[in-house]
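Line order of the protein sequences matches chains A and B.
First residue of the first sequence: 831, per the numbering used here; consecutive thereafter.
First residue of the second sequence: 831, per the numbering used here; consecutive thereafter.
Don't read these hints as lab results, they were simulated from the structure.
Everything numeric in this text was worked out from a predicted model, so none of it was measured.
Be a bit skeptical, because a hint or two may be false.
The list makes no distinction among identical chains, and a pair is therefore deemed to hold if it is satisfied within one copy or across any two copies.
In silico EDC-like pairs for lysine to aspartate or glutamate, Cα to Cα no more than 16 Å straight-line [unchecked claim]:
1. LYS840 to GLU980
2. LYS840 to GLU1105
3. LYS1100 to GLU836
4. LYS1106 to GLU836
5. LYS892 to GLU876
2 protein chains.
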Amino acid sequence: MVAINENYLKLKAGYLFPEIARRVNTFSQANPDAPIIRLGIGDVTEPLPQACRDAIIKATEKMGQRESFRGYGPEQGYGWLREKIATHDFQARGCDIDASEIFISDGSKCDTGNILDIFGNTNTIAVTDPVYPVYVDTNVMAGHTGAANEKGEYGGLVYLPITAANDFTATIPSQKVDLIYLCFPNNPTGAVATKEHLQAWVDYANSHGSIIFFDAAYEAFITDPTIPHSIYEIPGARTCAIEFRSFSKNAGFTGTRCALSVVPKTLEVKASTGEKIQLWSLWSRRQATKFNGVSYIIQRGAEAVYSPEGQEQTRGLVNFYMENASLIREKLSLAGFAVYGGENAPYVWLKTPNDLSSWEFFDKLLTTCHVVGTPGSGFGAAGEGYFRISAFNSRENVETALARIVKAFG
Amino acid sequence: MVAINENYLKLKAGYLFPEIARRVNTFSQANPDAPIIRLGIGDVTEPLPQACRDAIIKATEKMGQRESFRGYGPEQGYGWLREKIATHDFQARGCDIDASEIFISDGSKCDTGNILDIFGNTNTIAVTDPVYPVYVDTNVMAGHTGAANEKGEYGGLVYLPITAANDFTATIPSQKVDLIYLCFPNNPTGAVATKEHLQAWVDYANSHGSIIFFDAAYEAFITDPTIPHSIYEIPGARTCAIEFRSFSKNAGFTGTRCALSVVPKTLEVKASTGEKIQLWSLWSRRQATKFNGVSYIIQRGAEAVYSPEGQEQTRGLVNFYMENASLIREKLSLAGFAVYGGENAPYVWLKTPNDLSSWEFFDKLLTTCHVVGTPGSGFGAAGEGYFRISAFNSRENVETALARIVKAFG
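Given the sequences, and given the hints that come with them, work out the whole structure.
Rendered as structure tokens:
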């Protein structure tokens, strides 16, 4: 008899964002005239930068001539894109990262899930709480957890609460953990980590033989010059950290799809035989066997992010969303909400009023203000009573949404 | 201590195609003037169809206006693409497949690897020998096999030899197997399966509770009107088969990346509790959690395959490659080779002369004719002594390569 992966049966309800979509659809079918504004899912709304579009169109035209047609590319991505990323995003910040350590992919969601393929099943895994649900769900699916309890916490995972009390940066655990997921600037809380905080994690990982999965998808939104953009700005990270980055948020690629992972060649783990194994070679093999690279056309679009025009246009996009974030912080504070984040990240994290649960506040915001946000409890048990507002929308929509919220709650 | 996935250490040498690339690079570095012609990796060479390019450019321009900008799309693909596929590729052939059963992806290599995520670890797995290496390697990586023997066969897998004696279509096994990989038109042998042969597999699978993974990446190359293009042309397939398809070969998307899997909602497997589980819901969950959909721009390009112009242009491409295949068959036969395939598939499968091993013939062909092919043994132990020649190249290159081969071997 065929055996299915029964770990899937442990997964709680729907993945957060499909559940939000379901509730919004139900409401809008019942209220077809309600002018809904979406500040929920962290999806960008502004046009793809001109430089990227021009590059995509040029590459598409090149696909029309035999001489410049491109078939299968390198599974790890084209050298010209990996070189630009290494130079601009890492070496320019003093990070000792080589182009060959960069793997181009079609998304950080894919990468943070797929990376588990190269690890075994006996690792102790630490996640923050709240957390980006994909880290947890992919571990559940891989059989690295027990069942969920009534709060949605899975047995076997080590949850590191991030709360206002610790500035939404997890306390280094006293117990030993093997794989640690860190996301800074943080989704969902918008918090950032100082050099000292990251150094403490790197020191912990190196002394315990742990690996850090560092999700830097939002690094472009950092405004404070003292905050690191990459884990590799921290001495010692090359022997304990894998980093994930994306063009989704800085260059508006959520629907265009391009991202990258960084696996330093110095990252080694002992096999049970005692042999040292380079994670880079396992990840290379994984990608060559289960992936066929990102569309040539799209990689050319991503490359254009590093042109002078692309740099200016992406900076413009980031600044635009950060002005939204600033407005959200200001108006929600005025309306009496306790707000966090939004200064180095496109997310504002708020405490729900009147002890409403996260989903109660979601429904109230939807039905009274026609505004969609994301319930904090969808990110973990410790997110209960919190709520995420995203800065990804037009200025007009953000202002309208804020005016409705201030009117309803202020 | 961090545990790695030690199953990776069982993998033999490099994946086939990187190994070919390595040998070709070594040769061409030593012989920079040698005019190498590549008939090895099954990569298309002719321009992307005009209809697809036009659609990609139009979609890219739309990404430049806020109103028509697209961010995250449905992880399973846009409805307009899924509908067209369901109508043209399935319903038009009498297959009862609904658009909601189609999942758009970035490649069949990815899909055939990722599908294992939703299955357990106790299944008996059958592959043909020779076989597309990804089926085997992804099972090794998932821990579904033992170690490899000296012939490269992995313990625990059931190998079904395909040889001239059985027309390169595997004999239905006498033992019980749970998951069965079938690829028709076949990569690497170019063989096809009749309705009767597929019916025998479907009957076997339904009576044993097995699942067939049917890889139809080359269906567009079928010229014989009696040969099925889809497993769903066979009564009973909706309760036992998953199909994989790709735009790589018919529309030249190897570097553009778009493919699809079909998981009928009627496909159910019993969990250990006895509960019936719909594989469609597991695969939906898998894709929603570990994948973010194919680029909007690229999906528009794939959609254009179904326009009248796109249909005509892709038919033109397929016919062009099949004329190459015809030439290859003809000239190699004249040169005294025993040849198979190439009539309903873009691959010709030949017996090496003088009892040369597959890699010996590879090296000889490279060094004497400067032609790259694919060693049959790279596809499995029973492929030893065979060799694959691909029809994917320009007419001029194919003719030049054949002239050299006829001169050297004829």
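Quiz item: Given a CA cutoff of 16 Å, do LYS1100 and GLU836 count as a within-copy pair, a between-copy pair, both, or neither?
Solution: between (30 Å within a copy, 10 Å between copies)
Quiz prompt | Status of GLU980 relative to LYS840 across identical chains (alpha carbons, at most 16 Å) | solution = For LYS840 and GLU980, the Cα distance is within 16 Å only inside one copy (12 Å; across copies 40 Å).
Quiz prompt | Same-copy or cross-copy closeness of LYS840 to GLU1105 [CA-CA at most 16 Å] | solution = Close across copies (14 Å), not inside one copy (35 Å); limit 16 Å.
Quiz prompt | Identical-chain pair category, LYS1106 with GLU836, by Cα at 16 Å | solution = between (32 Å within a copy, 12 Å between copies)
Practice problem: Classify it for me, LYS892 with GLU876: is the Cα-Cα distance of at most 16 Å met within a copy, between copies, both or neither? | Solution: between (27 Å within a copy, 12 Å between copies)
Hint compliance for this structure: no hint is broken.
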